[in-house]
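Q: The task is simple: from the sequences and hints, build the whole structure.
There are 2 protein chains.
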Amino acid sequence: MSVRNVDTLDAEVVSAGTGTTRQILIGADEGPNFAMRRFIMEPGGGMPMHTNEVEHEQYVLRGSARVRIGDEEHNVKEGDVVFIPGGVPHSYEADQGEEPFEFLCVVPNSPDQIKLVDC
Amino acid sequence: MSVRNVDTLDAEVVSAGTGTTRQILIGADEGPNFAMRRFIMEPGGGMPMHTNEVEHEQYVLRGSARVRIGDEEHNVKEGDVVFIPGGVPHSYEADQGEEPFEFLCVVPNSPDQIKLVDC
Chain B
1 MSVRNVDTLD AEVVSAGTGT TRQILIGADE GPNFAMRRFI MEPGGGMPMH
51 TNEVEHEQYV LRGSARVRIG DEEHNVKEGD VVFIPGGVPH SYEADQGEEP
101 FEFLCVVPNS PDQIKLVDC
Chain Y
120 MSVRNVDTLD AEVVSAGTGT TRQILIGADE GPNFAMRRFI MEPGGGMPMH
170 TNEVEHEQYV LRGSARVRIG DEEHNVKEGD VVFIPGGVPH SYEADQGEEP
220 FEFLCVVPNS PDQIKLVDC
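Just so you know, the sequences run in chain order B and Y.
For the record, in the first sequence the residue sitting at position 60 is 60 according to the working numbering, with numbers rising by one throughout.
For the record, in the second sequence the residue sitting at position 113 is 232 according to the working numbering, with numbers rising by one throughout.
There could be a bad hint or two in this list.
[What the hints assert, rightly or not] Quick list of in silico lysine to aspartate or glutamate cross-link-like pairs, EDC-like style, CA-CA up to 20 angstroms:
hint : chain 1 : residue 1 : chain 2 : residue 2
1    : Y       : Lys-234   : Y       : Glu-197
2    : B       : Lys-77    : Y       : Glu-197
3    : B       : Lys-77    : Y       : Glu-221
4    : Y       : Lys-196   : B       : Asp-7
5    : Y       : Lys-196   : B       : Glu-78
6    : B       : Lys-77    : Y       : Asp-126
7    : B       : Lys-115   : B       : Asp-71
Derived by calculation from the structure, the hints in this document are not laboratory data.
A: Okay, structure coming up:
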């Protein structure tokens with residue numbers, strides 16, 4: 001099916017995170033080169049510092065968060081574009097409030113492994 | 120720079136379209152495998168039936184449009200996810216009204232050629 005609405009798709013809990021779910025919008029079974037996912041983090045939720053082997057190309061849809069990428073710290077909000085190269089440690093901490101932090105995250109169809117980083 | 124806001128980025132006119140501009144959010148010079156772009160189509164604007172060699176993974180941010188993909192016709196709106204395989208003819212016609220039709224479109228970093236299709 002070529003068109004679907006994001007709110008009709010299943011969400012799975014991200015075990016490495018807190019209050020975080022992930023939906024596969026276009027998976028590796030459909031897109032030949034990369035996958036599009038949506039992450040939803042409840043206020044105060046997020047993911048601890050970690051690395052992936054693959055890069056992330058992200059777009060913030062809703063809400064706000066503090067995102068660390070290597071030594072940088074950013075306050076991100078709707079309309080922000082985030083690039084995280086493969087292998088660079090990063091973390092997410094959704095701001096407190098009413099609104100969840102939602103973003104798209106596109107990754108290549110390559111093997112990946114998430115590794116938590118002590119900090 | 121790892122984080123930027125979409126509204127700070129340059130927009131270029133899409134010559135094959137009508138009332139259509141494109142921004143490169145993450146280009147092939149930065150992302151090693153795929154590029155993220157935002158298209159903005161003014162009400163009544165769009166692009167005629169055409170093919171690309173590469174696939175499109177798209178997410179509708181705002182507004183609504185009629186999108187044709189091969190023999191299918193879809194009315195799409197915010198939160199809709201669109202997959203267009205490489206080589207499949209497609210077109211966009213933004214709905215009339217106050218609001219532009221805006222969507223993200225992710226493509227692989229492969230050579231591409233746009234070909235208009237008679238219909």
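Q: When the hints from earlier in the document are held up against this structure, which numbers fail?
A: As far as the earlier hints go, only 1 is violated by this structure.
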